[in-house]
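Participant: Taken in order, these protein sequences are the chains called A and B. Counting the first sequence from 1 gives a position; my numbering is that position plus 10. Counting the second sequence from 1 gives a position; my numbering is that position plus 85.
Since the hints were derived computationally from the structure, they do not count as laboratory data. Glycine residues also receive a C-beta, built at the ideal position from the N, C-alpha and C atoms.
Not the full set, but computed from the structure, chain A residues with beta-carbon under 7 Å of chain B:
(1) Gly52
(2) Leu53
(3) Phe100
(4) Glu113
(5) Gln114
(6) Phe116
(7) Gly117
(8) Pro118
(9) Gly119
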Amino acid sequence: DAGITQSPRHKVTETGTPVTLRCHQTENHRYMYWYRQDPGHGLRLIHYSYGVKDTDKGEVSDGYSVSRSKTEDFLLTLESATSSQTSVYFCAISDLSGTPGDEQFFGPGTRLTVL
Amino acid sequence: QQQVKQSPQSLIVQKGGISIINCAYENTAFDYFPWYQQFPGKGPALLIAIRPDVSEKKEGRFTISFNKSAKQFSLHIMDSQPGDSATYFCAASIVGGGADGLTFGKGTHLIIQP
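All chains, please: the whole structure from these sequences, using the hints.
Facilitator: Shown next, in the form of structure tokens:
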């Protein structure tokens, strides 16, 4: 998985609790992404980062925040988890060098269940 | 607003047959069209990609056909094998267009029956 790890891999939590997912890369890629994957919706971008402390919102950012204090780590936080945030979360990285294109490398995913 | 529409949602093909998955896009500025393959419990991985300066790209049993005027592209899997059973995502982006990168289709769940 291109030097990308996600932790935890599985988590069950209760509604209203805060949750933080971690993505760690060893590729020194500048760009990092958080997606959620749900049946019938494919991959939807939550937040992305284009450098240390530089982040922006994606398509489905409500209820999520991110932080990137180091090149290698990108954290996704659910401030107060809701059942609608039950999903599989994928981190991805990209060099965006323009050659051969915007290939993104994906981590193994975190399965989050909010009860 | 879905900028990349993918069909079908699911597909069952007999071993040895041809699997065809179609995608249509709206943004004419897109100039990079990858296909990602995802096995259960794994993250998506790049399978094959095409730029709009060619109408077809082939890698082994996998071929992308691209129709710029129709704003459509498709993935063909020749001699489909049970090991090809996976979820396939098409995507599109503007190379160098920004950090938000790829826009994905909703995916096709492909089953190859032995």
